[in-house]
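Based on these hints, arrange chain B on the given structure of chain A.
Residues per chain, in single letters:
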Amino acid sequence: MAGTDASIYRQFEEAVRRGRLVAMATALTGPTIGAKMLLWPGGGSEGSLGEPTLDAAARERVAQVFASLRPERLTVETAGGPVELFLDVQPPPPRLWIVGAVHIAAALVTYARTLGFYTIVIDPRTAFAAPERFPHADELITCWPDAVFAEVGLDESACVVVLTHDEKIDNPALAMALRSPARYIGALGSRRTHAKRAATLKALGLEDAQIARIHAPIGLDIGARRPEEIALAIMAEIVAVMNGKVE
Amino acid sequence: MRELLPTLERWRHEQKRIALATVVRIYGSAPLPLGSKMAIASTGEMAGSVSGGCVESAVVQEALEVLRSGRPRLLTYGIADEVAQSVGLACGGVIEVFVEPLPEF
Numbered sequence: 001m002a003g004t005d006a007s008i009y010r011q012f013e014e015a016v017r018r019g020r021l022v023a024m025a026t027a028l029t030g031p032t033i034g035a036k037m038l039l040w041p042g043g044g045s046e047g048s049l050g051e052p053t054l055d056a057a058a059r060e061r062v063a064q065v066f067a068s069l070r071p072e073r074l075t076v077e078t079a080g081g082p083v084e085l086f087l088d089v090q091p092p093p094p095r096l097w098i099v100g101a102v103h104i105a106a107a108l109v110t111y112a113r114t115l116g117f118y119t120i121v122i123d124p125r126t127a128f129a130a131p132e133r134f135p136h137a138d139e140l141i142t143c144w145p146d147a148v149f150a151e152v153g154l155d156e157s158a159c160v161v162v163l164t165h166d167e168k169i170d171n172p173a174l175a176m177a178l179r180s181p182a183r184y185i186g187a188l189g190s191r192r193t194h195a196k197r198a199a200t201l202k203a204l205g206l207e208d209a210q211i212a213r214i215h216a217p218i219g220l221d222i223g224a225r226r227p228e229e230i231a232l233a234i235m236a237e238i239v240a241v242m243n244g245k246v247e
Numbered sequence: 248m249r250e251l252l253p254t255l256e257r258w259r260h261e262q263k264r265i266a267l268a269t270v271v272r273i274y275g276s277a278p279l280p281l282g283s284k285m286a287i288a289s290t291g292e293m294a295g296s297v298s299g300g301c302v303e304s305a306v307v308q309e310a311l312e313v314l315r316s317g318r319p320r321l322l323t324y325g326i327a328d329e330v331a332q333s334v335g336l337a338c339g340g341v342i343e344v345f346v347e348p349l350p351e352f
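Chains as they are written, first to last, in the numbering used here: chain A, 1 to 247; chain B, 248 to 352.
No wet-lab data here; the hints were simulated from the structure. For clarity, every value in this text was computed on a predicted model and none was experimentally measured.
What follows is a list of derived Cβ distance ranges for each label pair:
1. T323(B) - G223(A): 45 to 53 Å
2. G291(B) - S7(A): 25 to 33 Å
3. E292(B) - E228(A): 28 to 36 Å
4. S316(B) - E229(A): 49 to 57 Å
5. S304(B) - P227(A): 38 to 46 Å
6. L69(A) - E256(B): 19 to 27 Å
Negatives, chain A to chain B, calculated, CB over 10 Å:
7. R125
8. L206
9. M242
Selected chain B positions facing chain A (in silico; Cβ < 7 Å):
10. M248
11. L252
12. F345
13. P350
14. F352
Cβ coordinates follow ideal geometry from the N, Cα and C atoms, glycine included.
Only chain A is shown next, with the shape it has when bound in the complex (with noise of 0.2 Å):
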């Protein structure tokens, strides 16, 4: 490959690492077998299949390749004759946010990178926001979590985990994740702890109806003790919260 496809592929690996959305169009027959061209959203693009007819025709189909986050096969009319396109899409990863680097984070960050989510481990305390604690997080965010959870935004996708059972650190982390769309919000706690949590939230502002899209006690009913067990309880019950099987 020339030192442009280089650069392109580098570019693409290191968007589907930080979990960005992105499409590489390469040829797959014709005297350019090989040549790529990488796809922004926004409508940018950097690199050539080697033919304008066959640059054209990826940036065209690229708007329903993002639309759909499928990845599409196609064949193009050029002066050569035809040639066949793959327009691949990496679709980001959904995100699962974890405030408190505690013991559960640990294995919760194992299970959730095997079942692909992009993992985020949030916790003011330097103590436990250690690196050398989170070496296979994808982030390990050492600030407020509502304070982050403010500045990103959460979206339809985001699942989020409050466990540092330090009401100063979850109460205002749980207010921001409840504000927001995010997909599943479980809290660390006895059905007791939960209640007092409850009242918290409700002092500050927040309804009955969106106190109670948090899931407390956390995660599915499988007997756990261990901190890893709870840890496969939460995945578990995320897993079925995002296949529909649990509200």
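Okay, now just chain B, sitting in the frame of chain A:
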């Protein structure tokens, strides 16, 4: 793709050359969706999957040839293929797999 990245990084660190195989067409039923990927190192190691195990060993052989020649290949696997007798897809579908050498960086 994402799940392959740590392996690709390791192979690059170990100075291995890498080929990438992608499912670029499916006729009928196939075990894995369009765009599924498998990476092959010049040492013959593999990661990921293009068919859930049916044609992987054949793809590895092709990938090693692609790494030797530096030329990508478009391959067809399935019941209509002669190769299918030995490496066909159990589910009865046909898949096309594009195998290309990854640039070194």
